[in-house]
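For the protein sequence lines, the chains are U and G, in the order given. Positions in the first sequence are counted from 1; adding 1 to them yields our numbering. Positions in the second sequence are counted from 1; adding 42 to them yields our numbering.
Hints in this document: simulated from the structure, not taken from any laboratory. For clarity, every value in this text was computed on a predicted model and none was experimentally measured. All residues carry an ideal CB built from backbone N, CA and C; glycine is no exception. Treat each hint with caution, since some may be false.
[Stated by the list, open to error] Some chain G residues judged to face chain U by a derived CB distance under 10 Å, without partners named:
hint : residue
1    : PRO82
2    : ASN106
3    : ALA107
4    : GLY122
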Amino acid sequence: MRFRAFGRRCIAGVVVCVASLFAGNALAQDRPPLNERVTPAIFETVFPAADRLGEVEGQPPFMRAYAGDEQLGFVFSTYDVVRAPSYSPRPFDAIVGMDLAGNLTGVQVISFHDPYLTGFPERVRQLAEFFRFYVGYNISGQRAFPAQPDFVQGTTISARQMRAGVLDAARVIDRATSDRPPVTEPTLDLDAFTVMNWGELMEMGALAHRAVTFGDVREALAEAGVTPVEMEVPLGRPDLALNPPRFDCRFVATRACEIDANLVRENDEIYTDLYFALVTPAMIGRNLLGSDLYARYLTPQPPGTHMLAMLSAGPYDFRGLGFYRDENGNRFDRFRLVQGETEIVFTRDQHQMVGGLRGDRPRLPDVSVFFIAPNSGFDPVAPFEIVLMVTATTETGEQATIDIPIAYQVPDDVILMPFVEPAPPWVEAWADATPQLVILGIALVILTGLFIFQKQLTMSRRAHAWIRNAFLLFTLVWLGWIAGGQLSIVHVVNYLKAPFDGVDIGFYLAEPLIVVIGIYVLLSLILIGRGVFCGWLCPFGALQELTAKVARFLKLPTWDPPERMQRWMWLPKYGTAALIVGAAFVAPAALAATEEIEPFKTAITSVFTRPWPYVAYALVLVGMGLFTERFFCRFLCPLGGVLALGDRLHIFTLLKRRPECGSGGCHLCERSCPVRAIERDGKIIMAECFQCLDCQVEYYDEQRCPPLAKGRKVRERASRARPQMGVPVPAMAMSAAASKPAMGPDR
Amino acid sequence: MTLVDARPTPLGLSRRQALKVVAATAALPLGVLGLRAIGPTPQFHTWNGEVLGAVSSLTLWHSNANFARTTMQRMASEIGRLERIFSLYRPDSELRRLNADGMLEGASRDLRLVLTSARFIGLATGGAFDPTVQPLWDVYARHFASPGADPAGPSGFALDAARSLVGYRDIDTDGGAIRFARQGMQATLNGIAQGYITDRIADLLRNEGFQHVVVELGEARVLGDHPEGRPWRVGLRDRAGATDRMVDLSNGAVALHGGYGTVFDESGRNHHIFDPVTGRSAQTMLDVAVVSGRATDADAIGVGIYVAGEERASAILAQFPGTRAIITRRDGTTVTIG
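The shape of chain U in the complex, shown without the other chains (with noise of 0.2 Å):
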């Protein structure tokens, strides 16, 4: 996990800070210069890889270390930069080398006039060795901090003081030497430079390289539909074994080869070896073209202006022929720079030809350096493509030209990103839970399309059994036991305080599937009813279903309180609501023990793993479950009786019923009611119901609805009267209605 303190945010107030703490403080320069407490010694344990030191150099000083040439980092002293204290308001003095990422490389301490260090060579030993742990360390802050606390109660220590006083003065060192402007948006580096060479510069992706085969131009030739007759290069035979030819061209590149149109060119042989880049940055430019030239040609240009090197070997070169002539605008006519919109063709007032270059690169002969005005619209850090063009002569006299596209895109090395504030916590968890939420968003959705298709749902006894099983099931073992997403009467509390603790949101937003569930239920709720969650999201309620269905399996005993006692049983939940919401309020120190009423810590989120007491009083919980359906979630549950005060908002009422029910006559539904919401007079209590939607399936059952099922008689009945009528009877429901007669109570 990471998580970062006010480290990167205080860089930019830490000369601030540091001038605010020590300003006043008089204290007299009486240590010797950084160049002669840096002993060899001393620079071979904070700066191993280096081997030399630069000059003494900046205010506040450093050293610059060098490995041969090249610079690795700085090498500098915490009493120059912050003259920290520790525990004694006499700064102590840490020699600290830094490297250029700003990760650091060694700390030693050689001052200190701490008392409880003075004189005790094991705890010196040891505050070495605590530095040795922030080797490595990036002062940036963003990792977690290395050196593991033990969990040791004492005296605050020395070394932490010192530990900030070394990071002060590396953070006040980085921004001293940095030589990287602040950015507000991606800009490109223009001055950052380290010497690199061909290989290092494709590598690091400065350089955009297509070798374009004859093959290649003239399957897109063929592509196009055009047959060339006439080309600037002209492709020549491809039969190298009828007609060998005069003179190998591909090392004798002369003009007259190369338009020598009766040549056998192979397939494989190069038409041009193009590389390209944006030189305008001093990494890419000056290690392309030398300091030199990269400074003569960039000099003189208006600000702004972008400089595209173009380098190729072969017969057909990016330049052609066409910028000599002043009929064609002294275009050229071989490429083009296409960003977007934006398409740049080049003339010979923005041309720079550039003589080949030396080093250990491939040979290039022709390189030129193309300048790209500051009104052109180009934005060098954004990609964009040179479009090498060949132009042919059809047999019409028509000039056809074929596109070969070549991406880029200037490498992020010498792009600037503005410094970007670390994502807040909550921006990890979510970026963490992505996969849960995947699960869940999937979830949620199978259970919003449950309720829009209920009606064909519960059509079907055996097809709402299986699916609600099933989905118990997935909340129950996943979104429970897995997941952790159990939502409690602990957030509720959690939200109604929120006004009055002044936590910010992020403490919320860092719980993604709670949210997301949160935001569903409220919903739901609104719509529909408590049932939604309470029926079907809640892990402890499908837990208690789940183990109730196999006491059913098993013909357990059933108890349900008679209708006036269970009016007065449904009371209790709202007292333990308020109870805990109360104490949240009043008493919060015993908010944790109410919360207990709860079994959801014990059952759900840590899977009974809890000391015996809790996991014995869950076990009751369920064990009740099992002869009075859902026994806690009725008569006891907390965030049920917020839920079910919640319920009263509902907007629409889904379940069918009809005159029968109840007052008519009929108590089917009634007694189907798992957790018997359905009262006497056939009215359902929703602030009681789950939305199992059981009654739903008596509602649509031909055989066991007695509105129904006298319907179908009186249609069987008519059909048996006159079959010759033709009236069609399904033969399923009449041998069905003939071996089982319909059950239930046709009073």
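Place chain G on chain U using the hints.
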């Protein structure tokens, strides 16, 4: 079905049904045993970070790694918010602005709570704990920073001037703004702010149902016992850095204060725990470890006892039920009070 079977039991169940009920009831604990055997086992989940400049960690014991991780991300979010209030590193923190301007409009509830706690403990310790001793610190730091400083400490004159700026009762938190009564007053919430963050996170975690937790966010507090069923064992670092002394801790916090922690001179007589009455470093004892329910209390009471001395310790502790102090006297003997 035999006659015997048909005879109802007292609950109106047949014997066969009664047996089923008993069997089902017995099956549940067995099922739980099975779940515990095949399900995830609890383990420690640790978060490391940096809080107010101190290396910090949270250690949770839980079986659901997902839940533990999400919880720690939420706590990290809350810690970040509290840092933005109490940090001495951020120029825009509430505490920095309060000390700079002597007043703060629209202070957070958290800053008010910390100042209220400080005031309460100030009262309870008869002023021995005082969060406004920062000016004394400045006098000492300046005195010993100059070469050839008088080893006896700053002059009485300099101390008198600083002492006139000390007084915990003179922080006005009643109105809309927090205000220092006198210009130049400064509060140091060192320790008590860390204690507050520690308590706040510990309370949140307790409400989330975590039972074995170590919170070390500048101060240390534990929830429950060690999962092995024994109290947490906390080592107390002594003057020499050794941790031979152990304190058993369950559901509580411990804070250790010793004059040797931050000293101004090599004699060690001038250190960071000031007696607000004399303006001088307190010399009552070697160190004191206070065990209390809350980290905020443990820290501030410890300072108070260190300043007030052993004889006043029990009177102070009596006002905080469940609090005890382990005092190491200057002669090295140890006494536990409370």
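Quick rundown of the hints versus the structure:
no. : hint   : verdict
1   : PRO82  : holds, 6 Å
2   : ASN106 : holds, 4 Å
3   : ALA107 : holds, 9 Å
4   : GLY122 : holds, 7 Å
In summary, this structure violates none of the numbered hints.
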